[in-house]
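Chemist: Here is what each chain is made of, one letter per residue.
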Amino acid sequence: MEKSKTRDIAVLAILTTLALVLSLFDNLLSLAIPIPLPGFKIGVANLVTLFLVMYFPLPKTLCVVFLRCLISSIYSGGVTVFLISLAGGVLSVLAMYFIKNTLKDNVSQIGISIFGAACHNLGQVLMVILLLMSPSYIFYLPILIIVSLATGFIIGFVGLKAYPRIAVFTKLAPH
Amino acid sequence: MFKRGDIIIIIALIVCAALIYIAPTSGSGGDTLVITVDGKEYRRIDLSDKNYTETIEIDGKYKNIIEVKDGSASFVYADCPDGDCVKSGVLSPRHNFAACLPNRVSISVISDDHELDALAG
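The listed protein sequences derive, respectively, from chains A and B. When we follow the working numbering, the leftmost residue of the first sequence carries the number 1, and every step to the right adds one. When we follow the working numbering, the leftmost residue of the second sequence carries the number 1001, and every step to the right adds one.
Treat the hints with care, since some could be wrong.
[Said to hold, decoys possible] The calculated lysine to any residue pairs, modelled on SDA-like cross-linking and capped at a C-alpha distance of 20 Å, are:
#1 B/K1003 <-> A/A162
#2 A/K41 <-> A/M127
#3 A/K104 <-> B/I1011
#4 A/K104 <-> B/M1001
#5 B/K1061 <-> A/A162
#6 B/K1087 <-> A/I143
#7 A/K104 <-> B/I1008
[What the hints assert, rightly or not] Quick look at which bits of chain B chain A covers, simulated, 3 or more residues with Cβ under 8 Å:
#8 1009-1023
#9 1071-1078
[Said to hold, decoys possible] Which bits of chain A does chain B cover? Going by a derived footprint, with three or more residues having C-beta under 8 Å, they are:
#10 44-56
#11 70-78
#12 107-118
#13 140-153
No wet-lab data here; the hints were simulated from the structure. These numbers come from a predicted model, not from an experiment. We put the beta carbon where it would ideally sit given N, CA and C, even for glycine.
The following block holds chain A by itself, in its conformation from the complex:
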């Protein structure tokens, strides 16, 4: 019991670090892609989130997502960026668990990932509306949802191929 707790802490810490590195990489990658879309990101860090959703229970996933948002906003961004990324992160995690537990075997990681990406955008847009008190921002949501179909697919597809191999390596069973 004690041993598995220590192991959990270590694994979650590694995953948090991995998510942070990937989100830095994501910033560079998104700058390199000339899409005239404010705030556009592929969301490579969500590879970690999706992995957590597939192999860990909800509280642990939320913990990693919270830490990722907190730490990444400390070295770039600030309070506003923290609130926006937390809103997106938490909503997408809840949405992914919801869809995974409702549709069970009828949904693959691709579907879960796409739904998570769309809800990530929804959470962020809602937080922006709240912070700026400008409901007009909602009209930006349709294009973000369409884009999240593509980015969610990429993450889901990579996850589908990569996770089984990582899981064997780390002796994890799908949760």
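With chain A held as given, fit chain B onto it using these hints.
Modeler: Only chain B this time, still in chain A's reference frame:
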């Protein structure tokens, strides 16, 4: 690779996006520019005069320059790291909102005085 649930999710999301897109855009086609700073209204400018030109500088955590001309407005300069607001371009009836999130400055075009509050309700 795709399962039935995946297809349902994709279709549902496309439908959602389409519904939001075609939803009545009460804010579009207006002629009043509202600039907000930190969630509070900062300036209100009448855009019905197409010849009216003004350059507004906002100094917060970062510096933003907003240009009002030809009955519309845009962020023309920002010294924040991402510069998303400048990428947003000039406001149009469809695209009637732009913001500099690091600086918490937004510009939007609305059609009359009370509707923004009504929506924020």
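Chemist: Which of the numbered hints are not met once you compare them with the structure shown?
Modeler: 5, 9 and 10
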